[in-house]
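S.K.: First to last, the sequence lines map onto chains A and B.
Residues 1 to 377 in the working numbering are what the first sequence lists, from first letter to last.
Residues 1001 to 1377 in the working numbering are what the second sequence lists, from first letter to last.
None of these hints come from the bench; they were simulated from the model.
Among these hints, one or two may not hold up.
Stated by the list, open to error - Result set (DSS-like, lysine-lysine): computed pairs, CA atoms no more than 27 Å apart in a straight line: (1) B:K1301 / B:K1336; (2) B:K1368 / A:K254; (3) A:K121 / B:K1063; (4) A:K254 / A:K284; (5) A:K254 / B:K1137; (6) B:K1118 / A:K3; (7) A:K121 / B:K1121; (8) B:K1121 / A:K118; (9) A:K284 / A:K301; (10) B:K1118 / B:K1105; (11) B:K1063 / A:K3; (12) B:K1121 / A:K254; (13) B:K1003 / A:K284; (14) B:K1104 / A:K104; (15) B:K1118 / A:K55; (16) A:K336 / B:K1063; (17) B:K1105 / A:K63; (18) B:K1105 / A:K104; (19) A:K118 / A:K145; (20) B:K1254 / A:K137; (21) A:K368 / B:K1055; (22) B:K1121 / A:K3; (23) B:K1137 / A:K121; (24) B:K1055 / A:K55; (25) A:K284 / A:K329; (26) A:K105 / B:K1105; (27) B:K1137 / B:K1118; (28) A:K79 / A:K254.
Unchecked claim - So the derived list for chain B, only partly shown, Cβ under 10 Å to chain A, looks like this: (29) I1009; (30) K1199; (31) G1202; (32) L1204; (33) L1207; (34) I1208.
Computed from a prediction, not measured in an experiment: that's the story for all the values here.
No residue lacks a Cβ here, since even glycine has one placed at the ideal position from N, Cα and C.
Number of protein chains: 2
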Amino acid sequence: MDKDLIDWIYTVSQADPRHENGGVLGSMTTPPPPEALKIVNHFISKNLGDPHLFKSLELITEKLVSLTRETLGLPPNMKGIITSGGTESNILALYSFRESLGVKKVVLTDVAHYSVLKASKMLGIYSEVVQTDFSGKFRPDDISKKIHGPSDSLVMTMGTTQLGGVEDPREILDDLNRIPIHVDAAFGGLTFPFINPEKFHGILRALISSGTNFTIGVDFHKFLGAPIPSGIIFVPEEIYPSLSFDVNYISSGKQFGLLGTRPGFSAAAALATLAYYGLDGLSKKAKLAYENTLWFLEEAKHRGLGFPVNRPEVPIACLSTDELIEREKLLEELAKRGFFVYRGEKCRGIRVVMMPHVRKSHLQRLLKVIEEVLISS
Amino acid sequence: MDKDLIDWIYTVSQADPRHENGGVLGSMTTPPPPEALKIVNHFISKNLGDPHLFKSLELITEKLVSLTRETLGLPPNMKGIITSGGTESNILALYSFRESLGVKKVVLTDVAHYSVLKASKMLGIYSEVVQTDFSGKFRPDDISKKIHGPSDSLVMTMGTTQLGGVEDPREILDDLNRIPIHVDAAFGGLTFPFINPEKFHGILRALISSGTNFTIGVDFHKFLGAPIPSGIIFVPEEIYPSLSFDVNYISSGKQFGLLGTRPGFSAAAALATLAYYGLDGLSKKAKLAYENTLWFLEEAKHRGLGFPVNRPEVPIACLSTDELIEREKLLEELAKRGFFVYRGEKCRGIRVVMMPHVRKSHLQRLLKVIEEVLISS
């Protein structure tokens, strides 16, 4: 054993920012609960790509899918596939639209996750991007005028990475001729239903009753805090078979999804994380994070440390700071002091994601440090 | 906390076959070493998709890439990208060929991994499959007559899943007009160089000196035993930029590869696993597994328990059993007794993968049980 090399891995990792002390303020990662870590270890050699061999994974997946389906209020004819996260879910959604429904074009807004463009490029699906205003809002007309026929599709984001907004398809649903819609709820899927249940379920009910084919992707490894990689996509029963691939050597003879061998804990530890917090616990954390988000924006505005460009709907706070300081300098100065926020492209400033490990005291310190940087620059 | 649900996860997992007692005999999974598990836990909240934030991952990736590059004898101008495994590597290879080199067609043999067809379908790349003989050998002419121009490409497998064979591009390299070649060495990449260094390095040297653009994918989570998901693809410097995607919100501004958020331990625990065994240790394990493979085939043949259809080049043993017993019945009877081998489609029988946890005593028991099943049927 090369103990020096293993020691070196630990040594270099000491310089990484830590979640626990509030250093990680932009990344959508957070430490999983101890019970989930135990499950990771317990399932570490099991392949979710072969749940006929590791039969527990079939049962665990069923349980996780049905629990998530209930939480989101999805109908029983929507089938769930465990994925490695939002990017895979977005790829699978567009792939299933292309294969099952003949989709050739996808319309998205400029605040959709970059992986939608990546997916469309991979899949040879033409993409059209609708510009939103400074606050991330689209004009309904701008979308509906790009939708012409049954080979078009639409991506709507629930919890935009860039601004924490929720794109509401109800504003345009009547004009869309029931083209397929993918809801990218990677971040919003397990935050927004607790923060604004009325709007969340309103959107879902509208999609369901519209009779349109829609898919929805939700990440377990974001706000919930399940170990990476772990997400899910729900697809209508009718287009589900397009995501199955023949694999003659395993006993089930087929595999769902994009990847081959994949971690058993993607399902097992996500279920354990849900079990650990419970829906009540998750709901409380989401609401608290959202309160902190609004507080942070208000406080920053009040103290002249930046300008909120929108009222976010999930726990993501964006401050426009370009009029106060050059953005890259601000990011650099904050990083030097151990505060790692993300670049806010759309808001022309910085972006803070209130993951569950981010406490109000961390945000108070962050504001103080922004103040120091602004004063000293 | 829903302790009952967490307990249920452990309870249902008890029925899964175990690697340690020789129950898992077909799956390319194996328990990682304890040092690697500790690293999984240590890195569980870190995102390899953002190595500018978690800077240790940048250093660790560099080290892992250069160590693997040296082991494989690849030139320094081949860049490594950590992937989730062979399927992602295959997708990335074909995607980079399409984007950088205008590839529109891929030629593969019928013993290539199914994910090559999946990738070609995803990417809209036309595929042509060359039939091999019963032992998995292709006729050089069958390949070269399908290669016409610069928009064609070829996949060659080093360690075929179905038969443990190594497809040698040297037999056809002169007839290929330097079309791009992807070497799928998911299983073979860290076994074959130790089992047959002369042939391995002969192939690599021929590819390098031919001046053709070639990529090679190797999985850390297969024979090496790193935790899933973990693989790597090496691509020539010139086509490497096609695998980069703009991500405006992270500090590096771009991400390589197919997925978004991905586990930090995909790099860190793979490096720890390599450090734990060392190249010497890995080499010994690969040679021992290969000896056991040849022994198993010889012994089975000698005792009339099946017919080897080839002399494998990596530790994968295929027995033709269709003339002795109906295959699905054999698989079922073995599974009932706790022996989980895989279906051998091409060999019309069963397939055993001699992963490092598979000991000779397990194989002796397996042969005994096959004998019992044959006698009692």
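S.K.: A separate judgement is required for each hint: does it hold in the structure or not?
M.R.: Evaluation of the provided hints:
1. B:K1301 / B:K1336: holds (24 Å)
2. B:K1368 / A:K254: violated (30 Å)
3. A:K121 / B:K1063: violated (31 Å)
4. A:K254 / A:K284: violated (40 Å)
5. A:K254 / B:K1137: holds (25 Å)
6. B:K1118 / A:K3: violated (40 Å)
7. A:K121 / B:K1121: holds (14 Å)
8. B:K1121 / A:K118: The hint holds at about 16 Å.
9. A:K284 / A:K301: holds (26 Å)
10. B:K1118 / B:K1105: Distance of about 13 Å is within 27 Å: holds.
11. B:K1063 / A:K3: Given pair K1063 of chain B, K3 of chain A holds - Cα atoms ~15 Å apart, limit 27 Å.
12. B:K1121 / A:K254: With a Cα-Cα distance of about 16 Å, the restraint between K1121 of chain B and K254 of chain A holds, given a limit of 27 Å.
13. B:K1003 / A:K284: Judged against 27 Å, a Cα distance of about 19 Å means the pair holds.
14. B:K1104 / A:K104: holds (18 Å)
15. B:K1118 / A:K55: Roughly 25 Å separates the two Cα atoms, so the pair holds.
16. A:K336 / B:K1063: holds (25 Å)
17. B:K1105 / A:K63: Not OK: K1105 of chain B and K63 of chain A at ~41 Å, beyond 27 Å, violated.
18. B:K1105 / A:K104: holds (21 Å)
19. A:K118 / A:K145: holds (23 Å)
20. B:K1254 / A:K137: holds (25 Å)
21. A:K368 / B:K1055: holds (25 Å)
22. B:K1121 / A:K3: Violated, at about 44 Å.
23. B:K1137 / A:K121: Cα-Cα ~35 Å, so violated.
24. B:K1055 / A:K55: violated (38 Å)
25. A:K284 / A:K329: Violated, at roughly 36 Å.
26. A:K105 / B:K1105: At roughly 23 Å apart (the allowed maximum being 27 Å), K1105 of chain B and K105 of chain A satisfy the hint.
27. B:K1137 / B:K1118: holds (22 Å)
28. A:K79 / A:K254: Satisfied, since the Cα-Cα distance of roughly 16 Å is no more than 27 Å.
29. I1009: Status holds, d = 6 Å.
30. K1199: violated (25 Å)
31. G1202: violated (28 Å)
32. L1204: This hint is violated: L1204 of chain B lies away from chain A, its Cβ roughly 24 Å from the closest one there, beyond 10 Å.
33. L1207: violated (24 Å)
34. I1208: This interface hint is violated because 28 Å lies over the 10 Å limit.
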